[in-house]
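Colleague: Build the full structure now, drawing on both the sequences and the hints.
There are 2 protein chains.
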Amino acid sequence: MTQHNPLEALAPGSTVGILGGGQLGRMLAQAAAKLGLRVHIYAPEETSPAAEVSDKATCGTYEDAASLTAFAESVDVVTYEFENVPGETARILAEHTLVRPSPKALAVSQDRLDEKNFLTGLGIRTAPFAPVDTLQDLEEALAKLGTPAILKTRRFGYDGKGQVKIDRSADAKAAFDALKGAPAILEGFVPFEKEVSVIAARAPDGSFAAYDVGENDHRHHILHTTTVPAALPAALADTAREMTRTLMDGLDYVGVIGVEFFILPDGETGSRLCINEFAPRVHNSGHWTMDACLVSQFEQHIRAICGWPLGSTKRHSDAVMLNLIGTDVEAWSSHAATPDRSVHLYGKHDPRPGRKMGHVTTIYHRQDR
Amino acid sequence: MTQHNPLEALAPGSTVGILGGGQLGRMLAQAAAKLGLRVHIYAPEETSPAAEVSDKATCGTYEDAASLTAFAESVDVVTYEFENVPGETARILAEHTLVRPSPKALAVSQDRLDEKNFLTGLGIRTAPFAPVDTLQDLEEALAKLGTPAILKTRRFGYDGKGQVKIDRSADAKAAFDALKGAPAILEGFVPFEKEVSVIAARAPDGSFAAYDVGENDHRHHILHTTTVPAALPAALADTAREMTRTLMDGLDYVGVIGVEFFILPDGETGSRLCINEFAPRVHNSGHWTMDACLVSQFEQHIRAICGWPLGSTKRHSDAVMLNLIGTDVEAWSSHAATPDRSVHLYGKHDPRPGRKMGHVTTIYHRQDR
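Residue numbers (numbering that gives the first Met the number 0), protein chains in the order written: chain A, 0 to 368; chain B, 0 to 368.
Rather than coming from a laboratory, the hints here were simulated on the basis of the structure.
Please read these numbers as outputs of a predicted model, since none were measured by experiment.
Everything hinted at is true.
Because identical chains cannot be distinguished in the list, a pair is counted as satisfied if it fits within a single copy or across any two copies.
In silico DSSO-like cross-links for lysine-lysine, where the CA-CA straight-line distance does not exceed 27 Å:
# : residue 1 : residue 2
1 : Lys193    : Lys160
2 : Lys355    : Lys55
3 : Lys347    : Lys55
4 : Lys160    : Lys143
Modeller: As structure tokens, this is what we get:
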């Protein structure tokens, strides 16, 4: 509504604006309500999972400057549930209210090349990479990085979309053509043992809190399960959290971030930890926190962007989170009947293939182990 | 919407109707959304804590038959957050949809005399009591039950309202006049050691699940804290849960119930367990389940009334729930900064004395003890 001192906490009764109406917006909205905050959703859809649990909703495009301005002026802080918020959208909103995480964090995470340059600039290991604007760039990059390698669009990729695996140099032209001339990046192969992720929060005063590291298993490029704790030496887990802090400090980040790490085999030269990518938002691999921690990643994000003290990230139970993709959701009743399993459904009505319809978390009580 | 087979589960996407817009309705609505259910609030207020987190809200009185009928026809089941739903309201709703818990459970709990007669009919001990319609009734009851005793209206009492303590027989007339001729009941003094409560659920198929027993401390007739587990011999706790089951079976109850017990000193004749009263709804003394159990009392109530399998009532942590009454809520920031404490604020804007503004739960991890 008005410009706030960015270090001052927003009191209960303030309004959090959220861009995007999906399940992440829905769970953020519920967390905000728990803290006595009001929620205003901005999304292009007339109805949405997030709007259904929120006080107000505006239906508007991300290009509609007048609508965005009215939205920004009606809320005390704006956050978002997806990283592909157009830069111009963020700029318009930031003229009128706090935008957290900042437009800079958005911009860096939106472009795979900028992201990797930013990380390596902080001394953080990534997969080897090279920018690809032309077929000649691609052929040179393949000569340098070898095969297999993955050609990815610099922007707008998620869940395996916008990427092509290249097994032989001879496939370069077909791969290049498949991306239809979009600016791209070639990523060299990383012989990783496993993927883990760190969910962490940073407050406006620079304070930092990270949850325990989770181990991710993907199927068809979509997260299938996250298991906590990850089977990982404690020192590596600590280092992953410290690298996350370095990244967040480097971006002067405010909010929750999701950072995916590849764990390289012991004996590899250099760090065994390599950042795959990060998302400037709450993250699917952090959903387990809703059931195994007192303060979930969603509440933590709301606390951070509202300048509240960060909550404890302590874990009271071990946990396995399983995504319900497409028709997986039809098993809701058997999940609900399983002891120590928490069911989360997103209120979506059409279980299309690949669509995230819900998730379930099984917790393991400490005394049971 | 349509009449369902009462034993068939309502699928995700169904709509739960809730009478009442306060904090209990709000927390029920959030629990329903977690399960992918839609929520429609019916309340006399234009805006309310529950409507703010729900898909739909109807503003109407509990006497408006047309409005109640339209509401009932737009939902798949109706429940309520308060026990003083007028009997005629429940009857109208039940003509058009499922009402759970049933109008019978409502009726019995609304009248202290009916409630005590029902309990004693099941062989459950209560405080000694006698109906009081006239001053002569009161004088005879005092002669029988002795002093101190408490004169209570049969209907519409809560949080200490509608009751007068009588320390001497000579105060009978003043007490009788204070209740202004409302039908009343005299309750004899019970020399109880402590008050505990059982939060339990019963499903349409008769299955039953009870949470661990909590110990309640009141201040100024309003619940101040609930501590779990109660300091109570395990056999007594088991008996309290069994008595709750007897009560629920007797009412063919569907949903969550809150039952308050007085614990009498060891050595008293008869059972050491005496039921003070029960509420046919989620209960303030069950709020701790949100933070110390995987399935909260709110989710459990939604599961029960929707015919879902009941969730596990296992407790992963010990807990102390503290109500934030009136200006207590101003300490929100220091509660939020305290580790292992979960903050719940209800979105109410005016912290009037005695008003429940929120609660906080401190959990104690098992390994910390």
